[in-house]
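So the chains spell out like this:
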Amino acid sequence: MSMTDRTPLSARRRPLTAMALVLALAVGGAGMLAEARAETQPRQARAEVVIGWADLIEQVAPAVVSVRSVREGPAPRLGMREAIPGWPEGDSPMERFMRRFFGEDFEFPGPREFGMPERGEHPERGMRPMEGIGSGFIIDPAGYVVTNHHVVQGAERLEVTMKDGRRFDAELVGSDAHTDLALLRIEADDPLPWVAWGDSDAVRVGDPVAAVGNPFGLGGTVTAGVISATGRDLGAGPYDDFLQIDAAINRGNSGGPTFGLDGLVIGVNSAIYSPTGMHVGIGFAIPANLAQRVIEDLRDKGVVERGWLGVQIQAIDEQLARALELDEPKGALVAQVTPGSPAFEAGVERGDIIVRFNGQEVTAMRELPTLVAARRPGTEAEVTVLREGEEVTLAVTLGTLPPPDQLAAAAPAPETPEPQLGMQLAPLTPEARESHGVPAATEGVLVTGVEPGSAAAQRGMRTGDVILEVAREKVSEPAEVSEAIRKAAEAGSDTVLMLVQREGNDRFVAVPVAGA
Amino acid sequence: VIQRGWRAAAAAAVLMLVAGCNDGQREEAARPGPLPQAAEGQIVVGWAPLIREVLPAVVSVSTRQQVARPQPFPPSPHGDSPFDRFLREFFGYDFPLPRRQLPPEIVQGIGSGFIIDPAGFIVTNHHVVEGAQAIEVGLIDGRRFPAELVGSDPHTDIALLRIRARERLPHVELGDSDAMFVGDPIAAVGNPFGLGGTVTSGIVSAMGRDLGLGPHDDFLQIDAAINRGNSGGPTFNLEGKVIGVNSAIFSPTGAHVGIGFAIPSNVARQVVERLRARG
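In order, the protein sequences belong to chains B and D.
Here the first sequence is numbered in the working numbering, starting from 11 and rising by one per residue.
Here the second sequence is numbered in the working numbering, starting from 70 and rising by one per residue.
Derived from the structure by calculation, the hints contain no laboratory data.
Keep in mind that a hint or two might mislead.
What the hints assert, rightly or not - Partial list, derived from the structure: chain D residues whose beta carbon lies under 7 Å from chain B:
hint, residue
1, Ala248
2, Thr269
3, Ile272
What the hints assert, rightly or not - On the chain D side, residues computed to face chain B include the following (Cβ under 10 Å):
hint, residue
4, Arg121
5, Gly252
6, Ala256
7, Val326
In this text the structure is predicted, and so the values were computed from the model without any measurement.
From the three backbone atoms N, C-alpha and C, an ideal C-beta is built for every residue, glycine too.
Could you put the whole structure together from the sequences, leaning on the hints where they help?
The structure is reproduced here in C-alpha cells:
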C-alpha cells in the first residue's frame, strides 16, 4: 500500500471533487436577511450541504507527519496540553485558564509565557506521558515542517515520519514559545508533498473541518467536525486567538493540521480542554494567519522578533472601571512597570490606563500585547494613556520581547463582587515576611486570612497577598487599610481600589465596600 | 517548487497538492472542480450559514445559590451504576468552584438556554436553575440580564425564564422532534465549561430513550459533544429549528464520550406553553 502513497499523482489526477464546495441547498439569501430583519421572525435558516472528506484527505494526508522527539533521561510529556477542571494547586497558564472557566475573572498582566512547561505526573489521573510524540505538516517541498513548540521543546534529536513510512532526522529551524509554534527541516532527495496555509480569518463558526495527526501514536488519523468558536482566549498566552473545534484531537495530535474544505491548513492543533485528559469535544488550534507569520519569521530569521513595552497590564472590568472613575471598562490598566524597560524610559506609570497604541484603540486589555508584538524592536511608537482623567501621549522606543522564561510570571486575578470585605490583616513584620516570602523592599499590609464567600474572597484575594495601596494611597498598617475602606464607603463609593502584590507581581483589585 | 510560489497559489484558495506538482496542474486546480459523484464521499454538513442565524438566540445561564448540603463532588462510593454516575455527573449540576477558592456554602452553576420569543422568554433546564437565588443570562453579544424564573417543571426538567430588554431579542423556534430520524444531522450550541457560544455537530443516535429519570422520559440521543454547561441549550436540525433541549449525558468519565440526551422539542413545547400560561 505504501506504493500508492508514493504516487500521489494518481490522487491528484482525479477531479478535485472534495473542493467542489457546495451543493448549496437553500441557503436562501440568509445573509441578506440577517442585517435588516427586525426581530419579529424566529431565527432560522437552512444548512448548506457539501460532499465529504475522503478525496481531499487522500490528497493532503501525505503532507502530514509524525514527529518524535528523543531525549536523554525521563521524557517530559509531549502531545496535547490539557486543562483539568478542579485542579486545585499550581499556577500554570492552563490551570489559570481552567480557573477562569470556574467563574474567576481571570486575566493576564502582560506579555507572558505561553509555552507551558509540560505538567508533571498526576498519577491520580492516570496520565502517562506519550513518549515524545506529536504531529506536524510539511509546508514546502524543500522539507519545512510545522509543529508545536511544546512538541520539540528540550529535544536532543527529532525524527519525522511520513505517511509512506519514510523516516528523516529533522533539524530544528526555530521555535517560538509565545505562540507554541516550531519549524523543523528535513532533507529528502525528492521534493516532498506539502500543504498550504488557508485564511483563518475567513473561517466561520459551523464550518466543517478535519484534523489529521498522530493521536496516541496512531499516525495518519483523520477526525472530522466543525468550527465550534473562533477567537478563543485561553489565557495560555498574550496572543491567544484560538479556533475551537469539536473534531477529536488527543495527545499526539499536537502540531498537526486542521484542514478546511478547500484542503488548506486553517489551524495548528495545539491544546484541548478536558476534565479527563482526553477528547471531550473541545479542541483548540492556532489560527493559520498567526501561524503563517510566525513560521515565516522562523524560516527567514530563526526567531520571532517582537516589540516589547515592559508593562504588566490587566483588564478593566466594571468594578475596576467604577473604582477608576471610568465611563466604560476599556483599555489596559498598568499594574507594574518593569524598571529600565521601554515603558519605564518613556514615563509610563503604574495606574495609567493605556487606551491607544500607535493610534490604534486598545478596547480590551488583551489587544495590547498583539499590537506591541507586531512592531519590530527598536521602532518608535506612541502610547496614549489615561492618567487622572487626562489623555497623555508618550513616545516609546520598543525593546525586544524577552523569551518567556525571563518574563515575570503573571499575577493571578480577582473575581466577582460580594458586599463584604472579610480579610484578616497584619503588619509586615520580619517574621511575616519570612513566612510568606515577601521581599524586604515591599511596603504594605499582609493578608493573613480571607473569609470564604466574602467580598475579598470573591475578588480573588488570598492569604499571603500584600496590600500596597488602598484608594491610591500607600498603606503600611492594617488600621490604614480599614480607615481607607471606611472613607471610601462614607464617600459613597461602592468599590475601593487596592493595589495588591502576589508573588512579586502587582495588580489592581476593586473590592466592593457597600455595606462594609 | 519555488519557496514563495506557494503563497500566490494559496491566495487562490486552492488545494495545494503533493510532490512533483507542477505549475500547470496547479493552475488547473485553481477553480473548484465539478460536483463530485455521490459515491465519492459522505455528506458533510456546512452549518455556518445556519449557525450565524441562530447563534444570537442561544444564551448562557449562570446561577448563584447558597446550599447547606455537602458538595456533590466527589461522589459517594455507593450507587455507581451507569445511571447513578450519569445522574451525578450531569444532574449533579451544581458546579463547585475549585476547592481552594470555594466558599463552602456558595455554589455557582452554569448552563445554557435559548430565547424562544422576542419578548425575552428563555427555555433552559429545570436542573440548571433549581434552587438558584439569582439567575443571570448572557447573550453572545456580551449583554447580560438578570432573569426571572417564570416556571419550572422538575418532571420533564424544563424551566422557563424571562429577561427584559428594551429591544426585541433574537429568538429561535421549536421544531417538530417527531419528524426527526436516527442519522439526521444536528448541531448543539451551548456553554460547555463556560465556553459560551460553542457549536458542536453530530447526528441523532437514537430516539425515544427512557433513561429512568422520570415518568415522561422520551429522550433524543445525540453524538455531538455536550458537556457540563451545555444543559438547557438547544439542539438544532438542518432547518435551524430547535428539536431538542440538551439535558444529560451518559459517561463513565463525566465528560463527553459521544452519548448525549436531549428533551424532544415536542415535549418541551407543551411544558413551555403550560409554564407560560400558569407559571
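Worksheet item: Taking the closest Cβ pair, is Thr269 of chain D under 7 Å from chain B?
Response: holds (4 Å)
Discussion item. For the restraint on Ala248 of chain D, tell me whether the closest CB of chain B is nearer than 7 Å.
Written reply: Since the shortest Cβ distance to chain B is 15 Å, the answer is violated.
Discussion item. The hint names Val326 of chain D as touching chain B; please verify it with the least Cβ-Cβ distance against 10 Å.
Written reply: Check passed: Cβ of Val326 of chain D comes within 8 Å of chain B, closer than 10 Å.
Worksheet item: Going by Cβ atoms only, is Ala256 of chain D closer than 10 Å to chain B?
Response: Hint on Ala256 of chain D: holds, closest Cβ of chain B at ~7 Å, below 10 Å.
Worksheet item: Should the hint that Gly252 of chain D touches chain B count as held when the rule is a Cβ pair under 10 Å?
Response: violated (14 Å)
Discussion item. Min Cβ distance, Arg121 of chain D to chain B: is it shorter than 10 Å?
Written reply: holds (7 Å)
Discussion item. Next item in the hint list is Ile272 of chain D. Is there a CB on chain B closer than 7 Å to its CB?
Written reply: violated (12 Å)
Checked against the numbered hints listed earlier, the structure breaks hints 1, 3 and 5; every other hint is satisfied.
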